[in-house]
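J.: Given the coordinates of chain A, assemble chain B onto it according to the supplied hints.
These protein sequence lines map, in sequence, to chains A and B. The opening position of the first sequence corresponds to residue 1 in this note's numbering, with each subsequent residue numbered one higher. The opening position of the second sequence corresponds to residue 1001 in this note's numbering, with each subsequent residue numbered one higher.
These aren't lab readings, by the way, just hints derived from the structure by calculation. For glycine and all other residues, C-beta sits at the position ideal for the given N, C-alpha and C. A couple of the hints might just be wrong.
[Unchecked claim] Listed next, with one range per pair, are the computed distances between beta-carbon atoms:
no., chain 1, residue 1, chain 2, residue 2, range
1, B, Tyr1018, A, Asp354, 50 to 56 Å
2, A, Asp280, B, Glu1234, 45 to 51 Å
3, A, Asp100, B, Asp1274, 45 to 51 Å
4, B, Lys1035, A, Asp100, 26 to 32 Å
5, A, Asp29, B, Arg1311, 37 to 43 Å
6, A, Gly155, B, Lys1325, 55 to 61 Å
7, A, Asp308, B, Lys1022, 33 to 39 Å
8, A, Arg222, B, Lys1022, 40 to 46 Å
9, B, Phe1080, A, Glu322, 45 to 51 Å
[What the hints assert, rightly or not] A few chain B positions that, by computed beta-carbon distances, are all more than 10 Å from chain A:
no., residue
10, Ala1095
11, Phe1148
12, Glu1198
Here is what each chain is made of, one letter per residue.
2 protein chains.
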Amino acid sequence: MIRVNRHFKKLQSSYLFYTIAKRVAAYQDANPAAKIIRLGIGDVTQPLPPACIDAFHNAIDEQGSPETFRGYGPSEGYAFLREVIAEKDFGYREANIDPDEVFISDGSKCDCGNFQELFATDIAVAIPDPVYPVYLDTNVMAGRTGIFKDGHYQGIVYLPCTADNRFLPSVPDQPVDLIYLCSPNNPTGTVMDKESLEQWVSFARNNQALILFDAAYVDFIREDSLPHSIFEIEGAHEVAVEFRSFSKMAGFTGTRCAYTVVPKACMAFDENGDPISVRDLWMRRQTTKFNGVSYPVQRSAEAAFSEDGRRQVRELTDYYLENAKIIRRAMTECGFKVVGGEHSPYIWINTGQDDWAFFDRLLQQASVVTTPGSGFGNNGSGFIRVSAFNSRENVIDAMARIAQL
Amino acid sequence: MIRVNRHFKKLQSSYLFYTIAKRVAAYQDANPAAKIIRLGIGDVTQPLPPACIDAFHNAIDEQGSPETFRGYGPSEGYAFLREVIAEKDFGYREANIDPDEVFISDGSKCDCGNFQELFATDIAVAIPDPVYPVYLDTNVMAGRTGIFKDGHYQGIVYLPCTADNRFLPSVPDQPVDLIYLCSPNNPTGTVMDKESLEQWVSFARNNQALILFDAAYVDFIREDSLPHSIFEIEGAHEVAVEFRSFSKMAGFTGTRCAYTVVPKACMAFDENGDPISVRDLWMRRQTTKFNGVSYPVQRSAEAAFSEDGRRQVRELTDYYLENAKIIRRAMTECGFKVVGGEHSPYIWINTGQDDWAFFDRLLQQASVVTTPGSGFGNNGSGFIRVSAFNSRENVIDAMARIAQL
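Just chain A, same shape as in the assembly (with noise of 0.2 Å):
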C-alpha cells in the first residue's frame, strides 16, 4: 500500500498566499465592480528593465538558429552569469566569492524548500517568529517537528523578532544546528546591522551550526553601513550560505531566476564528526534533481548587471522604496506603529487588533490587499505586512482609502 509521507498531515491550513488569494478572489466575485489593489503577497508590478528585455529577445533569436542554439545547460548555471554575480554582487569590501560558489536557479523559495534535504532530519532548527513561512513548512514536510501546539511546532526553536528586540532575532541559549535568517526581513522590513549578525556568525561556529541567510531583499538597502551579504562578516564563509534572487531586484518575479552562494570553506557533518563539503552535497543535489534555468532567463538575468541594466534597477528599487515612504507616512499618520519600509519593500504593521480580522475589513471595506501577520508565525499576531509593490497611483489610492477608513 502507497502510504503518505505522514508529516505533510502536521501542516496547517494551506499554504498562506494561497488560502489569501482565494479570499480574494471569493470578495472579486462577490464584487465584480470593486477595483481591488493588491499590496499583499509582495509581487512587482513594472515591467523587467529594458536591458532585460533586450538581452531576453537576443538570447531567444540564439534559441531559433541552429548555430547558436543552446541544450541543456549546467545543472549550477552559465559561466557567464555566476561571473558577473561574483564580481558585481561580491567583488568589494570583505564579501569575496568565486563564481563556482554560486547556483543559479529558478527561485529562492525552491533553494529555501530545497536546502534542508542535504541535512540529517533530527537536527534541531532555528526559526524566525516571526518569517516567510516557507523555511518552516519544508522543515515540516521533512520530519524535523512534532505537531502544532499552542501555535507552535514542536522541535522548532523560534527566534521572536518583536518590539523588545527591534525585531532581530537574538542568538539563543540553547545550541542548534540550522539556522533559518533573512534579512532585509520579511515580513517585517527590518535589516539586521553588522553587530547583530557577527553574533550570529560567531554563535554559528562555536556551535558547528550553519546560517542559512536570506537576502532576496538585499538591493533595497540604501545605507552604506548596513552589510549586504553575510560574507561581510569576518569568519562568515565557514558557516553560512547564502540566497538572491532576481524577483524584486529586476521584476523576474514571473520570469524566475535566482542564486545560491555555498562557500567552498562550509562544512556540515557526518555522524563521526568529520567535515562533508556543504558545497559538494549542494551541487549533487543539483545534478540529480535539477536541469538548470531556462538560458534565455539566464541572459536576461545577466544584463541586470551591464551599465545600462543596473541603473534601470536602481530606478526600480528607487520607485518602490518611494512607495514604501508614501505607506510608512500615511500608516503613521493613521496613528499605527510602523517598522520596515526604509531598506525593503515591506512595512510592518501594528494593528492594535486580530489581524485576520483587520485584514478583511481592508478587503471588504478598502478593497485593499495586505497580508495578515500571524500568517508569518505567534509574533505576527495584532501585526499586517503591507507591500510597497505597485504602482505610485495605486499606493496613493490605497492609503487614502484606508485613511478614510
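T.: Here is chain B on its own, set in the frame of chain A:
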C-alpha cells in the same frame, strides 16, 4: 552540530551525465583539434520551432510593458497552458483528463525527483533495470534504500529489462508500493504495449500501489496501437501519475518546460488506510516549494500546440527518428544486436564487451560520445545507448567513423 543527510553517502560516484561530461572535457582538452560528435546525453540540437520562438518574443514584449506585465503566476501553471495540454495531448480515446489535473514545471527531472517526497520513507519501491538514474538516486537520497552492494541498492525491487522479456519490465511476484515505469524507455528505446501496461495497472490496483509513468518521449511513437498515455488503460486514473516534457518534443532542453498529470481520482493512504488525494499533496508540495515556470516559457510551450506548432514539432521529431533509423541500420550492419530507435530517439546496442571500455574506445578513436549502459543499472552492462539527437550530417559522420573502427 549540523549533521548531513547520511543517505547521500550511499550514492554511487557522481551523477552519470556529469561524469561523462568531465571525461569528454578531458578528452577535448588533450585533443583540441578533435571534432567531437555527441550522441551521449540525449540533448536536442535543432532550434526551437518558429511558432515557439514567435510566442516567446511576444510574451517578452508583454513583460516589458506595465499594462501587460505579469508577476508571480500560479505555482501549478497558467490555465492557458493546462487547458491546451488537456485538450490536445489527452482529449482522445480513454485518456481524458481535466486541466486542473495538469501541473506545469521546469522539467520532468525535477518532477520525477521531487514526487517521491509525498510518500513515506519505508515503502517498497520498484525500479526498472536499466533505467534513467534519477528515479533511483532520488530514492537513495530520501533514505528508502540500504547500502549499495553487488551492483544493487538493498531494499529496492529491481525490474530487469533484458532481451528475455523484450526489455519490458514484468510485474514482480511480491507486493510493492511505488513503481517507476518509463515508456518509450530511456535508455532502451522500447515502448510498452497495451497488454504490458494493463498488467501493471491491474497489479497497482490489486496492491494499492502507485505508478509513476514517465512519458517524456511519447511524441516519438509512430504507431497508433501503442499506448501514448497510461491513462488510456482502464482504471489507470486511480493508480497512476504521468510525467511529460517539452524537452524532446519541441527542443526545450535549454528552455525548460514540462508537466505532470495527477488525476483527482488518484489516491495514496495514511497509516490507517484512509485515502488521501495525491493531487492535493502534490499541490501542497508545489505551492510550498515551487513558484511556477517563467511566463514567457509557458507561452512558448503553448505555441507548440498551435496548428503551425504541431506541424513543426512533428517535423522535428521526424527528423530525429530518421537519424535513429540511420543509427539502427549502421550499428546492425556492424554486427551488433540493436533495439529501440523506432518509436524513440534512443538506440540500445549490445556491444558484447565492457561498456565503459567501449565508450572510451568510441571517444578516443572516433571522437563519438555515447552513454555506457551500466550507468543505467546492472542490466545495462555491455550495452551502450546511442542518441539520435544531433544533426543529420553529424549522425552520418559518426556512423561512418564507427564503421571504420
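J.: State for each hint whether it applies.
T.: Hint-by-hint comparison with the structure:
{"no.": "1", "hint": "Tyr1018/B - Asp354/A: 50 to 56 Å", "result": "holds, 52 Å"}
{"no.": "2", "hint": "Asp280/A - Glu1234/B: 45 to 51 Å", "result": "holds, 47 Å"}
{"no.": "3", "hint": "Asp100/A - Asp1274/B: 45 to 51 Å", "result": "holds, 48 Å"}
{"no.": "4", "hint": "Lys1035/B - Asp100/A: 26 to 32 Å", "result": "holds, 28 Å"}
{"no.": "5", "hint": "Asp29/A - Arg1311/B: 37 to 43 Å", "result": "holds, 40 Å"}
{"no.": "6", "hint": "Gly155/A - Lys1325/B: 55 to 61 Å", "result": "holds, 59 Å"}
{"no.": "7", "hint": "Asp308/A - Lys1022/B: 33 to 39 Å", "result": "holds, 37 Å"}
{"no.": "8", "hint": "Arg222/A - Lys1022/B: 40 to 46 Å", "result": "holds, 44 Å"}
{"no.": "9", "hint": "Phe1080/B - Glu322/A: 45 to 51 Å", "result": "violated, 34 Å"}
{"no.": "10", "hint": "Ala1095", "result": "holds, 22 Å"}
{"no.": "11", "hint": "Phe1148", "result": "holds, 15 Å"}
{"no.": "12", "hint": "Glu1198", "result": "holds, 19 Å"}
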